[in-house]
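Got two chains here, each in a separate frame; can you build the complex from them with the hints?
What follows is the residue order along each chain.
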Amino acid sequence: MNEMTTIGRTTTLKDWETDQEVRWCPGCGDYAILKAVQRTMPEIGTAPENTVFISGIGCSSRFPYYMETYGFHTIHGRAPAFATGLKLANPNLDVWIVTGDGDGLSIGGNHTMHLIRRNLDCQIMLFNNEIYGLTKGQYSPTSRVGTTSPSTPYGSIDRPAQPAAFALGAGARFVARGFDVSKKLPEVLKAAHAHKGAAFIEIFQNCIVYNKDVFEDFAAPKGAEDRQLWLENGEPMLYAKGTKGIALDAEALHLKTVDVVDGDWQAAGVIVHDVTNRSVAHMLVEMRFGEFPMALGVLYDDPRPTFEADVWRQNAAAAEGKTADLQSLLKKGQTWTVVEGGPDL
Amino acid sequence: MATAVVDEADKRQSPLSDAVVVRFAGDSGDGMQLTGGQFTLSSALAGNDFATFPDFPAEIRAPQGTLFGVSAFQINFGSSAIDTAGDAPDVLVAMNPAALKTNVPQLKPGGLIIADEGEFNDRNLAKAKYDANPLDDGSLAKWQLLKLNISQLTMDAVKPFGLGNKEALRCKNMWTLGLALWMFDRDRQPLVDWLNGKFAKAPDLAAANIAALNAGHAYGETAELAGPLKQHHVDPAPVAPGLYRTLTGAEGIALGLVAGAQLAKLPMFFGGYPITPASAILHHLSRLKEYDVTTFQAEDEIAAICSAIGASYGGALGVTSSSGPGIALKGEAMGLAIMTELPLVIVNSQRGGPSTGLPTKTEQSDLYQAVYGRNGDAPMPVISARSPGDAFDCAIEAVRIAVQYMTPVMLLTDGYIANAAEPWAVPDLTTYEAFPVEFLTEVPDGGFKPYGRDDKLARPWVKPGTPGLLHRIGGIEKEVDTGHINYAPGNHQAMTDIRKDKIDGIKVPDQIVELGAEGGKLAVVGWGSTFGPIHQAVRRKRAESQDVSHVHIRHIWPLPANLGELLKSFDKVIVPEMNTGQLKTVLRDQYLVDAKPVNKVSGQPFTIAEIEAAIEEALK
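Those protein sequence lines, which keep their order, are chains U and X. All residue numbers for the first sequence refer to numbering that gives the first Met the number 0, where the first residue is 0 and numbers rise by one. All residue numbers for the second sequence refer to numbering that gives the first Met the number 0, where the first residue is 0 and numbers rise by one.
Isolated chain X, as found in the complex (with noise of 0.2 Å):
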């Protein structure tokens, strides 16, 4: 994601001048997602921009060198604005034959590759199902092809040490990081601070590391001048100045969660239960226990936020956390946060579905479920985090409209926001305003009514314990103003009709466009992680002077109130999105353009390229 100013008139990025793919690749157990990381942390350490896209398997130990047992990590980084993981990579790091063959057909003709030879043996062929071996039948011919005996010199190096063989090859993604460091011209100094402070009470196992770590670097200084390996130096970013760090998006939502709820000075409940990607959210929230917050990990999905909601019926802030499967069970539980109007947000981590579906990967195909997908008409306000930093605002707005509103807000996110770090501005808490909640406490004039309503169609909220404001609250219809139990006919039109006018009546932002013009020729509107892809292809598109805008839509529902006018100012409207077309049908739905659908549901991330394509034919 971009943190640099964008440029209106920056001009196509040449991405093998300023910015670099590189993909390590491997086995689950090579620790690729570790390298990746490391790697990440030192191109923010020079000043580079980046994104990131951790590409794994579901399988926790997938067998040794099989197919779908590859872990992938990829970044990008370099000197100029940086919106998405890239398209192609550059450089493939493959630590045996099933990394290559799963990751090679992506990687640009003539990128460089680099492979451990001494895993490509008979049987890891094998179980990559090469009938030759790849290495040396010239099968790679478009690319550059670098084998080394990564193990091996990886054992040499740790030799000293006394490790077990096991051991020691555990070390070779500390070898293969050295070389990367090497390529990039960059500092090891962090890395071995990082080292001696993760292995503080083995260090053997520090200084093998550290030794592996050292080996691939010298290795990359003495080989430079043999063969295709070369250094690359790329220059730092022109970013604003200020504070940065790197931010995940699972960080971005449970620091936006605290921030929002100190904002709206309440305590947060989290009630969670363990999910594939939504998981982690669970992780960094529960050793945050001195902002006031309580986590929970319930017996089940429905426990979860049935919890956050005892929780905010009794003053807190209640918030749950979930991904596809796990909000489809918490659907009930909505339906009776919006019947008793009490303020809940609901994050969902979006992977691939239907049913289990694609757990580890990418997808944005929860927005009917998070529009649409309760019993009942039960409008809930809907916003959507386009990365890691967006998370945090998002995180925040939602907690805003679920107490000001007196309603459940779902914030979705996909598996890819969840798990991909960016630079991140750590931004100055004092320039956001807080909005205090103020619960009653007493009996106003004019008598309580619990289902009385302010001007923005909130109920007041009170907690169990005040005296004099005793009431019951549940899942039947609810009279006006009482909050009876009513079954009488006019009472539930009354009813049904303000919940929905209270979340239509939400004020939100108008839309903005990101890039380009306010009406025109193509307008390519996205949400969420596609924000990056997008971006870069209007961009480049723009700077072949053609007319397109980019607008981005952060609330999903109520939608901006400018937004039909807006799209209505183009003549062409595209919506490129991880479903088969769902933004698409509400919009459609809400506004009579003709908006036509640009998907992708591989359970991976939209290339630029992609969307440019898309455009061309939009445009033609």
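Bound-form chain U, shown alone (with noise of 0.2 Å):
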């Protein structure tokens, strides 16, 4: 999110389309998640003149090309980087980082960890449809272990990767999840927005071509309610219908489900969600789909000052005081004069 970015106009969901044609398969989870962006940015009341979308490479790194906003599609897993260079330049722009599983946990895993780590002020969507779709269907960084593609045809061995709980480990200050085609993603994107730092949002989306439907089973919405955990802040966490909820084993210390009879969740030892309870947060992005419901919503949010703040901060600090006065400088250290007939010591 950004200070400086309210104006005085309203924009509509048109003003943020571009004039290009949108090129992702028919079908694709990438048209769901840019209507919702679109949708969502007039909420946010940003102005599109300073609004930056960059992107790597990869099908969620065209997004930027459909944003009526400044945008650059730069190189494969990089995108944190020049998102680093840009708000450093500029802290007054509102920068969205667009990168995908592969994009951003493989060949970029270490500029997200480093973005994350820094907490520069910023929205990461990833895109998480567990394969590379641009590349034609070869296994991704988080693809489930047996995965059949091209370049795994007996399956795939190793194990996938987190993106939650890779944010969280890095020291992310606010981890959120979303899916392509839910009603709730612009909530979503608007709790990353509101929040000061690197906000990042793990949207699952279906690539309908390589890995169709493969989040069908939380995703779908008949029995979604037994299926999905949608996280409140100050809520109990409560799903399929109030029926079942999340609490603490006190003794194994990790989460269980329990069945809340008669609304009393309080008796069943329902968790209430506090966002900024850090420890809850590395138990909800290690909560296995399965056994638990999936975890939905803002799991974390808990800002600290951003490193872009603190880079301007300490530059103004060094700089108080002087004069930027490039031909003293250039006369500092030890120096001699030379006169007519030999040096002047």
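Wrong hints could be hidden among the right ones.
[Stated by the list, open to error] Straight-line C-alpha distance at most 30 Å; calculated DSS-like pairs for lysine-lysine: (1) U:182 <-> U:240; (2) U:34 <-> X:595; (3) X:158 <-> U:321; (4) U:321 <-> X:197; (5) X:197 <-> U:331; (6) U:255 <-> U:182; (7) X:499 <-> X:567; (8) U:330 <-> X:288; (9) X:165 <-> X:107; (10) U:240 <-> U:189; (11) X:126 <-> X:141; (12) X:264 <-> U:321; (13) U:195 <-> X:462; (14) X:571 <-> X:520; (15) X:288 <-> X:462; (16) U:331 <-> X:200; (17) U:34 <-> U:13; (18) U:330 <-> X:264; (19) U:240 <-> U:221; (20) X:619 <-> X:520; (21) X:448 <-> U:13; (22) X:462 <-> U:330; (23) U:321 <-> X:462; (24) U:183 <-> U:195; (25) U:331 <-> X:264; (26) X:158 <-> U:189; (27) U:331 <-> X:288; (28) X:499 <-> X:448; (29) U:189 <-> U:34; (30) X:146 <-> X:128; (31) X:158 <-> U:195; (32) X:264 <-> X:499; (33) X:107 <-> U:13; (34) U:321 <-> X:288; (35) X:595 <-> X:520; (36) X:158 <-> X:197; (37) U:330 <-> X:197; (38) X:197 <-> X:288; (39) U:34 <-> X:448.
No lab work stands behind these hints: they were computed from the structure. Note that the structure is a prediction, hence the values are computed from the model and not measured.
Okay, structure coming up:
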């Protein structure tokens, strides 16, 4: 988010659409995310000219071409580094990074980690489709064990990375989850934007060509109530229409699911979600779907000073009381004057 | 490097009379670089012209006494123009057997060895792989030998200060420096002042070091009558009047970049990642916040350049710096800067390669990488600095081209320039022409075209945050004018041609002849840090009435427009470079001239004698 971006005029969804033909496969989850973002921007109330979308390489990274803002489609995995330079050069810009599971966690995992660690003020939307789409379907660092793909005809062997856990481990102060067609995605985006600092959003995205419906087990509308836990700050962690909840097994020190009888969640020991509780956040990002519902919404949100603000502060403090007189800098150190006929010591 | 006006008729210099080469060599922990640096300063204060050559190992703390742990500092100072750190030392100060063994072969016959015999014990002799003590077995007969127990003399001098053995021996370098100051009739006071400042918080250490310095000096005075030690006064060099300071290449680049940013009226963003020998530039710039400089130590080389491009996109002057291996990592991002036509300065402090190569040794083997080393047709201007002072001007030139032509520019220096110091006449900044950047801030007549062009073929620079000029850029081929994604065959042809024409059309100054005539029997064509030895060698040969000229190229790409004609006006062209013939290849390719290579890749700079020999060979 950014303090300087509120504008006097209002915008509509149309103001955020470019005249460029959208080139994702028909039915791709990216369309829904694009619409959700374009729909959310007017509500956030920022100015298109102060907004910059920065992406790396991959299907998701075409995103900036479709946003009527400033946009930079960079190179594979490096969007966080470009964003860092841009934001340090001009902290007043509202910077959004668009990346994917390959771009952000494989080739660019290093930069994602350091951007989060430094807490650069920006929103990172990581579209996780658990596959390499643009290169035609190889397994990705988030693909489940056993994923068959052109490069793993006998199934993938390596264990997948967990984006939200990775982000939290890297020091993220904001971690959220949503999925492409979810009606609640705009609320997640708004919360991310409202957070001052690096806001990491894992967005499950359906690749209908190479990894179709891989998230259907929790994203399908039918039975969603039983499989999705939408977290709300200050609210008990309830799902299945309030008949189930998440509680802490105090002896084993891990989370467990509990049945809630007659709405008495307190009796069942259901935890009230506190977005600033880092310990619980660690447990939420590790909660395995199947045994548990999929934790969605804002898992963690506890801001602290941002990198670019600290850099500017230090620059200003170091420069205070000094004049930028380069000519005198050139003369600094041990100098000597040569006059006609020899040196003057 | 010379600061004096070059005199065409300069007769062959007599190094023994008006210039002296001293080499301090010791263990990594002996403080030889510091000794050399302070001796350099005293040379400057004495009005001598000088050039230095720090030669140190890649290991931070190599095991004591080993051959690979030897650290040396060579200085050539004199009363006339000095262009190189000198071929062969006149004086070698060897603090241990390993330092003697690795450095004595270069010493001039008849030269003076000052050896700390206290360190020539069995253990150190074995580490240096000496079967017998060279100080006693006559193997050093062709040189003058002065054996002193510097360790013991230092211990005696600092005894009153109650230091432990280890700390006391650390003062050895100051004792040695004191002796050297006496030998060359130098004032001790600046050193005393410096030591008092350095050890302000530990007055005991300051006093001990000063005592060691004074003891070394006094030793010279009292021992003068006894042996080969003689006091030698070197007169001040006749240099142009003005204010001077010492300048290393890293300082020259850092200050030049700041000056360039000021002339362009831009804030500077420097993204760097630590690498030898380029880190010093990051260190210098990170202390200059008041000059609107933001430095960012990135997580890796790639992030360093990408952050710099991001900053340029945001309207700052993006700069990144590295050495060969790091430059290789930055290659893809350079292509993006070329594609998105954003200004950027990339400094490459070259070192020995390939791979990790010789991190602390010098080489010029990244010219191909600079000119050709990217995927696709990716033309990029390349400028090379010849000396620390020249690096200042080259950095300004790199900034100018980057912002005026909206392009990344590579600035080449090398480990020799980066570390070496020379006297530098402080320039008057008001004599530099400003080139303030004008960002596009509103829709121009005829509509906004993100990839529209001015008369230099540069596209407009628009800062995000500017209303009405929203657009998207990226690495996919752009459509002519609009910058939209476009894969059409004709468009790629057109854009490739535009990118090439833009760089080819960069106006660079015509090539001059540094020394000698335009046209003749032989041109010695160099670039970068080989300037010194080439210049001296050509001067000597011309003094012998040989028809030879020195041409030194700053603009490696695009090359000066007159260079082809100039080279063809010579019967022969030789190209000395510290690689296997890279500029030679470019010149042959561009001009079909029969340029002959003269190569050296030992990690050491050319000596004047080597270039002289190449000239003689070519003129046969």
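Could you check the structure against the hints above and give me the numbers of any it violates, in ascending order?
-> Hints 2, 3, 9, 22, 26, 31 and 33 contradicted; others consistent.
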